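Chains A and B are the protein sequences, given in the same order.
The first sequence maps to residues -4 to 333 in our numbering.
The second sequence maps to residues 2 to 256 in our numbering.
Simulated from the structure, these hints should not be mistaken for laboratory data.
From a predicted model like this one, the values you see are computed outputs, not experimental measurements.
Glycine is no exception: its CB is placed at the ideal position from the N, C-alpha and C atoms.
Each statement offered as a hint is correct.
Derived coverage of chain A by chain B (criterion: at least 3 residues anywhere in the stretch with Cβ under 8 Å from a Cβ of chain B; other residues may be distant):
id: 1; region: 60 to 72
id: 2; region: 111 to 117
Distance condition first, Cα-Cα at most 25 Å in a straight line; then the derived DSS-like pairs of lysine-lysine:
id: 3; chain 1: A; residue 1: 167; chain 2: B; residue 2: 87
id: 4; chain 1: A; residue 1: 167; chain 2: A; residue 2: 127
id: 5; chain 1: B; residue 1: 87; chain 2: A; residue 2: 127
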Amino acid sequence: MATPITASDPGHRESRAASSEPAISVSGLVKSFGDVRALDGIDFEVTPGTVLGLLGPNGAGKTTAVRVLTTLLRADAGSVRVAGLDAVRDATELRSQIGLAGQYAAVDENLTGHENLTMVGRLYGMRRREAKARGRELLGEFDLLEAADRPASTYSGGMRRRLDLAAALVAKPAVLFLDEPTTGLDPRSRLDLWATVEALVAVGTTVLLTTQYLDEADRLADRIAVIDRGRVIAAGSPDELKARVGGERLEVTLADGGASEAAIAALAQMSDEPPVAAGATIRLTVRRRGGALMDAVKRLGEAGLEVEDLELRRPTLDDVFLTLTGHAVEEVEKEQDA
Amino acid sequence: MSRLINDTLVVAERNLIRLPRSPDLLLAVTVQPVMFVLLFVYVFGGAINTPGYDDYKDFLLPGIVVQNIAFGGFLTALGLAEDMNKGLVDRFRSLPMARPAVLAGRTAADIVTNLFSIIVLLTTGLIIGFSFDASVVEILGGVLLLLVFGYAFSWVFALIGLLVSSPEAANSVGFIAVFPLTFISSAFVPVESMPSALQTVAEVNPFTVTVDAMRALWVGAPAGDAVWGAFAWSSVIFAVAAPLAVARYRRAASR
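Can you make the complete structure from the sequences, with help from the hints?
Below is the structure:
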């Protein structure tokens, strides 16, 4: 899949993007299901040719947002424009400008890979011959040529996901929506998919992707909108978001989990905020980077505490989420599972 | 309009390509109807009295063909429920295709499989000794009626497939909704042999009307208004089920 992607056709796109209008613009989006407000007033814009990452835990409203943006759902309030088209008034025209690949590989398992892509092409309005040729081309780009004439039921999970993404690219969409594109993928397939997205963006495609993986948003997104409980709670470039949560993180793993109180007391003076303990791991934001590791070792040694591991690192998006919402991504998921 | 026709044909083709690759579904449209004909003729045939017919086969075949055709729409209920579950309906709804084409194409595919079932059943019937008492025009008229009736029921099954939560549920809901209707009719036994309450149900049952029409067309039974009545029933069933199914499809948030 490392082959260059020819999925976009800038010439055909210019006509619409020439006005330098945002590729996606969303304002005041509200959508409720019964008593649950899945979207509670969402606003954002995406510049053509860039990637916006919608980052948030399960149930934050990411998928609902994608469904509204791709005309699968109609919002209760607010407006959506994609590729300069209104999601309600110009829905059919809008659909011809977008591609959607979802969490579940939406392919017909009883059709071959080539038949799947040909069907999608013809439903985008291509002639049979044109759709077949385009299908072949995509199967080549996604390293599926050998499996082209086998039913998709014989494909591995990674292959199905590639076929699903290929189907989303059949019509060379100006705007691509990826709903949790790497959930459930093995690490190798994940890296391949990231490379594909980067290649698409390099030739001018606008991408909106949702993810609960912070490293994924960090790697792919030009801008990130953090979503929690149907609201955008922060937006900016990955660096801007990290800057908002301040200094370096010190993470100490103790040999004895029961000694965390003593360790917190020993390290408290290194930080403006009280250290946080999770089992045998203590986390704090250090005031000064210089000498922090030595200082920590000295303090813990004086307190008679045995250290198993010690790490000083730049803040990650995990820290961003923790700072912004007061809870970690994983905790939210647990709450919802309960 | 040309878009609707094109997209409907694309979806119909897709559904017909996949059928031969699903052995279980293939069995359902080939072996199962033959099995029913043989079981009814040889197990019940001797015990059921059919005044006016020398042979139970001649009474049964028009009835069992109607029952089979009504169930032909099962493929639509299963197919749609599966497409909803697997996210394919989401894919279709994100494409710039004509909206009713997913349903129209799915039900159109049933016409082809129904025609295939009719040929299988008639061949079986002729082999075991069923004999027409009809002109070529009447025989073809019967086939046409079966296809129209089957098509109308495909839309009932389309609605069922969109309302339920899984292919398995589509299977049992479809079976429970349609199976009793086919039995409380003139399909397998003369209506006169039923308790009077059931007779009332059977007489207004669209299956009875359609089965009587088939007997009029294929084995020369007195027709009355049955033939026109049967076409009218099919039209009514279609006129009610199709808009409901399309409306349901528009709203369907795929799971």
